[in-house]
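Given chain X, put chain D in place with the hints provided.
One letter stands for each residue in the lines below.
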Amino acid sequence: MKTAFLFPGQGSQKPDILSSLLAQESDAGYLSYLTEQILQKSISEIDSSEGLFSTVNVQVNLLIAGVLSAKQLLARGVTADFVAGHSVGAFAAAVVSEVITFQEAVSLVHHRAQLMEKAFPAHYGMAALLGFTENRLILYLKDHNSRHTPVYLSNINASDQLVVTGKIDSIAILINELEKAGIRKTKLLDVKVPSHCELMTSVSQSLKQQIEQLTLKSPVIPFASNVTGRLLKTADAIGKDLWQSISSPVKWYDATTLIYELGTRIFIEMEPSGVLAKLATEAFPEAEILNMDSKQIDQITVLWNNYQHK
Amino acid sequence: MISTSWTKKRDEKKRRINAVKHLVENIFIKRENIVETLQVLIQPGDRVVLEGNNQKQASFLAEALLQLDPAKVNKLHMVMSSISLPEHLDIFEKGIAEKVDFAYAGPQSLRIAQMLEDGILKIGEIHTYLELYGRLFIDLIPNVVLIAADKADRLGNLYTGPNTEETPTIAEAAAFKDGIVIVQVNEILDELPRVDIPSSWVDFIVEADQPYQLEALFTRDPQNITELHILIAMLTIRGVYEKHHVKSLNHGVGFNTAAIELLLPTYAQSLGLKGKIATNWALNPHPTLIPAIESGWVDTLYAFGGEVGMEQYVAARPDIFFTGRDGSLRSNRALAQVAGQYAIDMFIGSTLQIDKNGNSSTVVSGRLAGFGGAPNMGHDPRGRRHSSKAWLDMITSKDPLAHGRKLVVQTVETFQNGNTPVFVETLDAVEVAKQSNLATAPVMIYGDDVTHVVTEEGVAYIYKAEGQEERRQALAAIAGVTSVGRTADPKTTQALRERGVVAYPEDIGVHRTEAKRSLLAAKNIKDLVEWSGGLYNPPAKFKNW
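In order, the protein sequences belong to chains X and D.
Going by the working numbering, the first sequence wraps up at 312, each residue one higher than the last.
Going by the working numbering, the second sequence wraps up at 546, each residue one higher than the last.
Just chain D, same shape as in the assembly:
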């Protein structure tokens, strides 16, 4: 009888670890041995997760990976939530890796499209964050993961601090399925402020020569908020937040939503909305939310990741933020995405293109930017069973089985940068799918998930529209002088306004002339620092005083 081994992956892991004994001290890889060590721990054809998300990068390990000898290590299948650094794609040019599954490639979106076209890499699928995390436990289980932490202790426990983000999720997918977990740390200490990942999940640690790369991605300078943004923000506050009693929410990163954050303690306060809207958030620690927090608007905030400069402020406000025993923020991208998908009343964001049916996309021709997390939050999760006032408010039928909906709101100016129409006949995504041979067009948010679209012209309550034709008419009514907007029929628009499917500013008590920058609770970054009592410490590039 042939005996079956049930420990093949475990045995292979042991074999590789034994083979690097001479290059490591216990679990610590000497920096100068990193390339030689990786060359043994990673084998041809391995599935490898290289930690890179839109803020934090395992940059030292990315560079080390690039130095591997492609004659020894090749055909790697990379799994990366975000392709951000040039090195992330250089490994394909060098012949070390050949296939990639990813969620977001914004900072490398042209190059990845070119490399796909030139046959230098193969793309598995383009995901949302949650799908990619999910597949790490199903059919993209890694052989090796390369991750980043702030600090390690001598036992191998890790401190990931405010930027914990997706590190524990990636580690878990390898640690409990006989994958190898390799961590770069900024420093090694005797005692950690707190343990975010226990040592039993970790196989190897290397102290990097430089701290991991970290970008401030969620900082919007109020100086760049225009009166058009403010008008749209006013319309949204009255026409969506107030009307539907939106209490729990996520905001995108654009200036439209930054304007809303800065109007809460001023405009919304004057409407008596404090405590009635926008109390519980799934959000990165946006600096533009500081005035609302300081004015007592915000009850709680759960974060996907940290934000450079917000560390001290967050640590001083534990009633609002999730913090560890050490006092600093604990973020978790996977859990925050789940919260943003299932536990909030509303997702609101912006986009580059909306077609006549309300489908939206940030994809432009010749670029493969992927999705990130917006589609996770920007859709109605039909598995939801708990109710809230806003959710129930979306019911439009008298069916006894009718259920509520998440509010999915798009706020856009009808012309991007004053030049390019946002409302279009057909999304560029359709052409990109053809060019890049994708199975489906890369739509960011599907029209049938969108409940509201807000422009400087007004609000379209498209969840109320009856049938596709009426939906199109509602969108056209707020699409300004774009080609879509010019298909609007004045009589139909009037009827839609009467039925509350479309609202113009005067219909919801918004005066265009009041949309002034003086309404902003903070007009620049310096004001935000002042609101924070000096606790917010913006990165140098935002300090222009």
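Chain X on its own, in the form it takes in the complex:
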């Protein structure tokens, strides 16, 4: 049975996750110091519910939570055959796969989030759509975009769970059209940035320059790509995925299906867990799904060891 570590992205954040993760961590002081040096902010600030109103804080928070979760699992002998991170989660996955260092990841994510926040200050957003396949939605999108400000497909999270992004008023018109066409459910998300579409090309270019200055290392764990839904095994390919991702749709359904087909039967979602675990439960009923929780790490370790012998 192979294991994949899944790293959640924006939308999964919860306050006080970092403080409980750091409480379990022997390198806590060093990691906080590193983070605070780069951000010029305290950990408690980016871990508070007020702090989490900021995209920058949320993204850095998710990066740290992802890396710390994986570190604690690895320290107890829970190993991964694959890593996959959703959107910003990919940076934590790249740290765990040892392609970039923790310090490099904090600077990259900080930079990425700042650029995203600045790029589109108002009137943009994202919406989750439930009940249409990608093929079906694309027909409606084409039609909509020929008459209105373009709306982009930005996440394929499951075969029938999609996210679109663009100007909020245009999204509202699209939602109206989709509801007429019998879509099951739609929901405007609390995200103000049009992520994962061509509107973010400049952010990609800026990140590209930053990443090209780093010396990336070969991954020690294969990395499932957001951009192509392929398995990436080289430093260059992963570096490229990290800068391209913000302006390309997240092919989460493909990325996780691929590692399932490659033999993954245990998916562990890093903290703050829930969203990706639920998607995996629905997509892979035969697989075992674990939610990382630093307070229950001993039980999780036992469960994982038991699954090995099934």
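Be careful, since some hints might not be right.
[As the list claims (entries may be wrong)] Once the Cα atoms are required to be at most 16 Å apart in a straight line, the calculated EDC-like pairs of lysine to aspartate or glutamate come out as:
| id | chain 1 | residue 1 | chain 2 | residue 2 |
| --- | --- | --- | --- | --- |
| 1 | D | K524 | D | D222 |
| 2 | X | K16 | X | E52 |
| 3 | D | K544 | X | E288 |
| 4 | D | K152 | D | E99 |
| 5 | X | K235 | D | D91 |
| 6 | D | K542 | X | E288 |
| 7 | D | K31 | D | D210 |
| 8 | D | K152 | D | E188 |
| 9 | D | K277 | D | E243 |
| 10 | D | K542 | X | E290 |
| 11 | D | K544 | D | E531 |
| 12 | X | K235 | D | E94 |
| 13 | D | K465 | D | E499 |
| 14 | D | K357 | D | E426 |
| 15 | D | K248 | D | D394 |
No wet-lab data here; the hints were simulated from the structure.
All values derive from a computational prediction rather than experimental measurement.
Below, chain D alone, put in the same frame as chain X:
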């Protein structure tokens, strides 16, 4: 005068076998020598069958194949009925193989589509099982076959037992055309329970470190059957089985058909249908059929393969199942497919998409799942000449040369998982054909082969529809609130009901409110074990008590 050799393939086989003399003892390959031996027996460009079907896998040989040195063995042309294991595709990434002809790739359907797109492998054709087996004897004749058996004796006879499946077919294609037959076995014994494949067909045997991989694919837990499935099952029993006197049949593996199996001894019994319908089966040993068998509904059942956990039950019911002298099941996928194509009244299955003309497909965008056996059974074989009541019942004309038809029935809920409409304007298969550059769109069952479609709304007798427009109207009438369903015109629907082209529940005496789980002869796996008198032994993952 130049002398022509007529024994080139035979000579080459001899040469290869002589070249591994030092690595083998008689016909037995030492486990530690398997990679080195395969490296000599398999040569670049060979056509190789690696046994993998949807249940049983030559998993040890698949792993050994992956360890070959691509500098020595490469450009293999693989022929596989099912691409199921990661190793089946890893050999392409490693450069050992370059082309594949297959029937089914469900468990690797995304990866194979990606590898095709990335130029890592080439696909010959995507087949149905019978076509692929057929081509093993025509234009895909193998150089080497790698197969799996349960046991071998010291002479090389093989016991394949309940999971005989397609092993004899693959062996035959090589053994009688100077191909090399290499077998992994779970154990080597002095005496076999019975001989399924004689030693003269076998060249080499290796004892694997672990038993071959085997999956329970045909077990459906009754716990997951919903009242919607039950309603559709009731409609199907009354509107199709009873109406047309369907006696011989094949069922797909979905919950819709599992519900039918569990309603035979209850609902169908109360309608007085015992002995009149569903007596002779071409079917894997579905655990959900146990209550019907125990209630005396089933006369005979011929199996494509075994089913994990059903071994003892089957062995104790030889009047129903085909068993060997040792008492255990003998399955044969090729013959069961022939039986399912030519010898039954009806095929009934489910699908993910049906278009407005009744074409159906389980293909979704970006995935290449292939076909398996459904299209073999899900079509009307026009070569059929023998008649049966159900077959003759499909005649709609007075032409003196009119012939019957096989019933091909699709049962679906109008929305899959309550979310995704099953009835669509255009099948995703059309787009997939373009993406993957396939010669034809991968349609599972063609609309002109389908005779009936059943949903929770009713039954469309599309074999009775006159012309394409009426066919579409009949489908729309049972397509619910999907976009196809909303094209239905109430007046036309009424006329179709009057002519018996469409039937709603009240037209055939089905009461929606009666569709309750209490009608199921077994409500969970434990009930099935009880029905079997403890003979059915479900795999651990189904034991939740």
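To see whether the hints hold, each was checked on the structure:
no. : hint            : result
1   : D:K524 x D:D222 : 8 Å, holds
2   : X:K16 x X:E52   : 11 Å, holds
3   : D:K544 x X:E288 : 14 Å, holds
4   : D:K152 x D:E99  : 32 Å, violated
5   : X:K235 x D:D91  : 14 Å, holds
6   : D:K542 x X:E288 : 9 Å, holds
7   : D:K31 x D:D210  : 11 Å, holds
8   : D:K152 x D:E188 : 5 Å, holds
9   : D:K277 x D:E243 : 8 Å, holds
10  : D:K542 x X:E290 : 12 Å, holds
11  : D:K544 x D:E531 : 13 Å, holds
12  : X:K235 x D:E94  : 13 Å, holds
13  : D:K465 x D:E499 : 12 Å, holds
14  : D:K357 x D:E426 : 6 Å, holds
15  : D:K248 x D:D394 : 13 Å, holds
Hint 4 from the earlier list is the only one contradicted by this structure; the remaining hints agree with it.
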